[in-house]
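Undergrad: Listed below are the residues making up each chain.
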Amino acid sequence: MFDFKLPDIGEGLAEAEFLNWSVKTGQMVKEGDVVAEISTDKVTVELAAPRSGQIHEICVDVGEVVKVGTVILRIDDQSSDQVSQESKPAEKQLEKPSKVKAVKVRTSPVVRRFATENKVDLANVIGSGSEGMILRSDVEAFIKQEVSQQSGDQIIKLKGAALSTAQNISKAANIMATTSISFDVNADQIAKCISENNLSPLTVISMCLIGTLKKHPKFNATIDEENNQLCISDHINLGIAVTASDQLLVPVLENIGSKNSEEISASIIDITARGRHDQLKPQEMRGSTFTLSSTGGIEQGLITSTTPIINHPNVAILWASRFTDRPWVSEGGIIVAKVMSCTLAFDHRYLHGADGFAFISDFEEFMQNPSSAL
Amino acid sequence: MSTQSDNKFTGNPREPEPVPLAQADELGIKQVLDCDGNANGNLADPNLSEDEVRKFYEMMVLVRAIDDRGWKLQRSGRIAFWIPLLGQEAVQVGVTCALDDKDWIFRAHRELAVWLLRGKSLKMLFAQFYGAEEEPLRGRRLPCLIGSRDINLISSTTQVGASLPHAVGAAWAAKLLGGSEKFLIFFGDGSASRGEFHSAMNFAGIHQPPVMMVCVNNGWAVTTPLDRQTASANFAAKGDNYGVRNVRVDGNDPLALYAVTKDAHDNIEEYGPTLIEAVTFRLGYHTSSDNPDLYRHEQECELWKPWDPVRRLRLYMENKGWWDQTREDALIALHEKEIQEAVTAAEAMKIPGPASQFDDVFAETNWMIEEQKERILSEVKADD
Chain A
1 MFDFKLPDIG
11 EGLAEAEFLN
21 WSVKTGQMVK
31 EGDVVAEIST
41 DKVTVELAAP
51 RSGQIHEICV
61 DVGEVVKVGT
71 VILRIDDQSS
81 DQVSQESKPA
91 EKQLEKPSKV
101 KAVKVRTSPV
111 VRRFATENKV
121 DLANVIGSGS
131 EGMILRSDVE
141 AFIKQEVSQQ
151 SGDQIIKLKG
161 AALSTAQNIS
171 KAANIMATTS
181 ISFDVNADQI
191 AKCISENNLS
201 PLTVISMCLI
211 GTLKKHPKFN
221 ATIDEENNQL
231 CISDHINLGI
241 AVTASDQLLV
251 PVLENIGSKN
261 SEEISASIID
271 ITARGRHDQL
281 KPQEMRGSTF
291 TLSSTGGIEQ
301 GLITSTTPII
311 NHPNVAILWA
321 SRFTDRPWVS
331 EGGIIVAKVM
341 SCTLAFDHRY
351 LHGADGFAFI
361 SDFEEFMQNP
371 SSAL
Chain B
1001 MSTQSDNKFT
1011 GNPREPEPVP
1021 LAQADELGIK
1031 QVLDCDGNAN
1041 GNLADPNLSE
1051 DEVRKFYEMM
1061 VLVRAIDDRG
1071 WKLQRSGRIA
1081 FWIPLLGQEA
1091 VQVGVTCALD
1101 DKDWIFRAHR
1111 ELAVWLLRGK
1121 SLKMLFAQFY
1131 GAEEEPLRGR
1141 RLPCLIGSRD
1151 INLISSTTQV
1161 GASLPHAVGA
1171 AWAAKLLGGS
1181 EKFLIFFGDG
1191 SASRGEFHSA
1201 MNFAGIHQPP
1211 VMMVCVNNGW
1221 AVTTPLDRQT
1231 ASANFAAKGD
1241 NYGVRNVRVD
1251 GNDPLALYAV
1261 TKDAHDNIEE
1271 YGPTLIEAVT
1281 FRLGYHTSSD
1291 NPDLYRHEQE
1301 CELWKPWDPV
1311 RRLRLYMENK
1321 GWWDQTREDA
1331 LIALHEKEIQ
1341 EAVTAAEAMK
1351 IPGPASQFDD
1361 VFAETNWMIE
1371 EQKERILSEV
1381 KADD
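Sequence order for the protein chains is A and B. Last residue of the first sequence? That's 374 in my numbering, and every number before it is there in order. Last residue of the second sequence? That's 1384 in my numbering, and every number before it is there in order.
For the record, the hints were derived by calculation from the structure and aren't laboratory data. Positions of the beta carbon are idealized from the N, C-alpha and C atoms, including for glycine. Check before you lean on any hint, since a few could be wrong.
Pulled a few chain A residues facing chain B out of the computed Cβ check, cut under 8 Å [to be verified]:
#, residue
1, Ala48
2, Pro50
3, Ser52
4, Gly53
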């Protein structure tokens, strides 16, 4: 039996998150075959089988974050000999932290000071650095753990794509002067168009949005903060916000302005489905010029406005609700109409109230007459 | 992306440039083979014998197989690091075969073929990847940074370009001592932006040592593309201002690389030093710690694949009736077996202990080295 321990496949990797297993228990593998996909601080990489044999046990669940040196896979290679992996100094190092703890504390002066300031006894902290070195992050984790043990709180650490999404959102919230306008639209014509043409609501809303963006190119743009300039794009790369398991992804439909409704419908189905199954590549989530956040699939109750955060470096985002039956004043009377609530958020440094109202006016026009957008 | 400013790299992969090898005549690139292995380029076929061409081909296929295996060993945690060579097989084989065995070679990062062409074993090559005690550098260098004094092969520094003045200086020393050996250094496009390149080129132009400087221009210096690397027309042209003869050659054409290097080598008394720019492309990752998806357009590799050096040489050999699928299958099976044997042998070798890092620092040890050694050993002992 061969125990495959999570190797340090980067330079100084401490831990990794398991994204996907490409093997199953009982399956035969050949040395060098891809067995799993993992996400590190930097990248997503594939792990290769170190031995040929039958998969005996998969020891880590998808989504789990494990430390380097943890047994992740057991391969029955018809041998009881594990000498070659055990004898490597690299493997020995991995087991050192717990032993080092008893002997002496290894850390830098900065971390010692940080620990003293926070009243942490370094002898109780297990180092994750090279040769059991205690890093600042180890002390921080120790403090959080202490707090959580006292309060019973659960600590969730952001990792990988979720962390970069969080950082981007924080950047947008910190540096942009976001303002927003909420409005309701009568979607009766859209509903009719959807059933007549057998298209999804998202496709038709996207088509109306594309028509509007073509008339208001300043909204279809990215910001270059360093040079204080707005780069207005000559084509529309529409980002669509997708909620996948516990993370928010924004896959991009490239050059969507030149596509017809069937092509758009097919790409939306493809990209949202792959997004929900975590199958998007990093390059499919770059280069958007405008973002659409449509939450119809997950809404409950009557939601009439939100505060969308712009997908930096875009300058605007449109949130659109599901259609709900609501009273609507039409030709002097009250009718029951399908109503869609929207919020348009934009960066006030580059776009102003008048731009926003003009944008919304044309968007409503397309919504009332969707065939002009198709 | 048109949405990005043209003047700075914003993180989005840019649209790929056309493959320069397709416009060899216009761009002044010496070429024997066209894309499909026909010898109808601007440089005459050196008319090597069947045995010689087969040696080229078999070595290119072998280093590609080693690269594939090394990558998998790294990705399963069995070796610490890997430097891929995919797409750059021709330059290491064509250039090395044009030299005499007594000539000195200073490596860049990806030239594994030099080791094997100079008669060293596959087993010792894998021993280096594993950092084994018995390999010539005693496990002290990153995997792939091979070197061995007995074959006049100098290991590269991890700092790119740092060996350029060494190679030029060594060549000058040999000239002063009246030796007949010649010197060659491989370096990348990124090295050409370093001060050492200027020092070495300036020195080479003035003192005319017997040296050939091969700039392996593979399109990317880690994440830096060519248009962020130099404003010169190309890398060979930089030689003009130093008074150094220079030539651009198809870096994916082993026959052209051989012919150009052989010419520079055999006529070094007349020509003086030559700067050779080998125009190639890195199809793989920079190293196992890299992720080209973050900076390189995926289409760029697709554009270069038809210019694959292994494919082109194979087509050339098939046209001559020197190669077929049976031979190919036999070669692949042979390499698989040989590599497996080398991996098994290397994996069983001893890894140097912590004390060995203090050996060979000076010819004779001194109190400082001894003191450090004692301290490290006592700490290691405490941990055990």
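Undergrad: Against chain B, is A:Pro50 within 8 Å by beta-carbon distance?
TA: This interface hint holds because 4 Å falls under the 8 Å limit.
Undergrad: Taking the closest Cβ pair, is A:Gly53 under 8 Å from chain B?
TA: 13 Å, violated
Undergrad: Could you check if A:Ala48 really has its C-beta closer than 8 Å to a C-beta on chain B?
TA: 4 Å, holds
Undergrad: Would the hint on A:Ser52 be counted as holding, given a Cβ-Cβ threshold of 8 Å to chain B?
TA: Status violated, d = 11 Å.
Hints 3, 4 from the earlier list are contradicted by this structure; the remaining hints agree with it.
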